[in-house]
Amino acid sequence: DTAVSQTPKYLVTQMGNDKSIKCEQNLGHDTMYWYKQDSKKFLKIMFSYNNKELIINETVPNRFSPKSPDKAHLNLHINSLELGDSAVYFCASSQDWQGRNSNQPQHFGDGTRLSIL
Amino acid sequence: SQQGEEDPQALSIQEGENATMNCSYKTSINNLQWYRQNSGRGLVHLILIRSNEREKHSGRLRVTLDTSKKSSSLLITASRAADTASYFCATANSGGYQKVTFGIGTKLQVIP
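If you're matching them up, the sequences are chains R and C in order. At position 90 of the first sequence (counting the first as 1) the number is 90 in our numbering, and the numbers step up by one without a gap. At position 26 of the second sequence (counting the first as 1) the number is 26 in our numbering, and the numbers step up by one without a gap.
Derived from the structure by calculation, the hints contain no laboratory data. Some hints here could point you the wrong way.
Said to hold, decoys possible - Here are the simulated lysine-lysine pairs, DSSO-like style, with alpha carbons at most 27 Å apart:
1) C/Lys70 x C/Lys56
2) C/Lys70 x R/Lys9
3) C/Lys70 x R/Lys19
To be verified - Covered stretches of chain C (in silico footprint by chain R; criterion: 3 or more residues with CB under 8 Å from a CB of chain R, positions within the stretch not fixed):
4) 24 to 34
5) 43 to 52
6) 101 to 107
As the list claims (entries may be wrong) - Only some residues are given here: those of chain R computed to face chain C with a beta carbon under 8 Å:
7) Tyr10
8) Lys36
9) Lys40
10) Val60
11) Pro61
12) Phe64
13) Ala87
14) Asn103
15) Gln106
16) Phe108
17) Gly109
18) Asp110
19) Ser115
What you are looking at is a predicted structure, and each value in this text was computed from that prediction instead of being measured. Quick reminder that beta carbons are idealized off the backbone N, C-alpha and C, glycines included.
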């Protein structure tokens with residue numbers, strides 16, 4: 001069973017389009033994250049949700065809007081895609097919010113490779 | 001801002017040799033974690049060392065932490081071709097709001 005699953009795995013689209021990436025975890029974790037990994041492999045936190053509530057928003061442009069319908073799902077919607085949005089986006093989860101307990105691992109999905117033409 | 005910085009950025013060794021990767025960080029931490037990322041996959045948690053620990057082992061992995069030098073090392077002994085991956089350190093800052101920050105990684109190639 002896949003613990004953290006993201007769809008789609010690949011996303012190729014034109015500049016200016018709107019797209020969504022879905023993420024689901026079946027680990028029973030309370031906290032979920034979105035990360036962006038650039039071409040140099042630098043992994044940067046974008047958002048974190050704990051029990052459906054936004055905890056971290058790392059000065060991400062408001063074209064990016066996360067939505068958590070329940071604590072097992074955290075989707076990412078991106079409006080008006082730009083060339084600089086090309087990257088690999090990773091969803092992750094942890095048992096608890098790391099602001100309360102950082103002594104726990106994060107579990108990652110396999111990423112969504114977004115390419116903007 | 002980037003917290004952990006791994007060194008070297010790339011490492012190529014023969015199967016059976018040991019691989020050592022280093023991580024330096026800037027602020028006080030609660031813990032430091034190491035993750036592995038295989039090509040085209042997500043990060044996988046390897047080991048966590050708390051700020052009051054100096055050394056930790058897990059199978060062929062040995063992690064050390066020197067909080068006075070703000071540095072950590074990951075040693076993989078008797079490397080295998082399957083160890084080929086990128087390795088990231090991640091630090092959880094101490095005090096107040098805790099956030100986990102990842103470094104840029106060390107790309108390890110183990111040649112069979």
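Results for each hint:
Among the hinted pairs, C/Lys70 with C/Lys56 is consistent with the structure: their alpha-carbon atoms are about 16 Å apart, no more than 27 Å. Proximity of C/Lys70 to R/Lys9 is assessed by CA-CA distance (about 37 Å); at most 27 Å being required, the pair is judged violated. About 41 Å separates the Cα atoms of C/Lys70 and R/Lys19, which puts this hinted pair outside 27 Å; it is violated. With 3 residues bearing a CB less than 8 Å from a CB of chain R, the stretch 24 to 34 of chain C meets the requirement of three and the coverage assertion stands.
With a threshold of 8 Å between beta carbons, the proposed coverage of the stretch 43 to 52 of chain C by chain R holds, since 5 of its residues qualify and at least three are required. Under a criterion of three residues with beta carbons nearer than 8 Å to beta carbons of chain R, the stated coverage of the stretch 101 to 107 of chain C is upheld, 5 such residues being counted. At a threshold of 8 Å, the smallest CB-CB gap from R/Tyr10 to chain C is about 11 Å, leaving the interface hint violated. Interface restraint check for R/Lys36: the shortest CB-CB distance to chain C comes to about 11 Å, outside 8 Å, so the restraint is violated.
Below 8 Å, beta-carbon pairs count as interface contacts, and R/Lys40 has one with chain C at about 7 Å; its hint therefore holds. Residue-level restraint check for R/Val60 is violated (minimum Cβ-Cβ distance to chain C is 15 Å; threshold 8 Å). A distance limit of 8 Å between C-beta atoms decides the matter here; for R/Pro61 the minimum to chain C is near 18 Å, and the interface restraint is violated. Violation of the interface hint for R/Phe64 is found here, the shortest Cβ-Cβ separation to chain C being roughly 18 Å, above the 8 Å cut-off.
Of the supplied interface hints, the one on R/Ala87 is violated, with its beta-carbon coming no nearer than about 14 Å to a beta-carbon of chain C, more than 8 Å. For R/Asn103, the shortest C-beta to C-beta distance to chain C is roughly 6 Å, which falls under 8 Å, so the interface hint holds. Because the beta carbon of R/Gln106 sits about 7 Å from the nearest beta carbon in chain C, less than 8 Å, this interface hint is met. Residue-level restraint check for R/Phe108 holds (minimum Cβ-Cβ distance to chain C is 3 Å; threshold 8 Å).
A hinted interface residue such as R/Gly109 counts as satisfied when its beta carbon comes closer than 8 Å to some beta carbon of chain C; here the least separation is about 5 Å, so the hint holds. Here the hint on R/Asp110 is kept, as its CB sits about 5 Å from the closest CB of chain C, short of 8 Å. Below 8 Å, beta-carbon pairs count as interface contacts, and R/Ser115 has none with chain C, the closest being about 14 Å; its hint is therefore violated.
Checked against the numbered hints given earlier, the structure breaks hints 2, 3, 7, 8, 10, 11, 12, 13 and 19 and satisfies all the rest.
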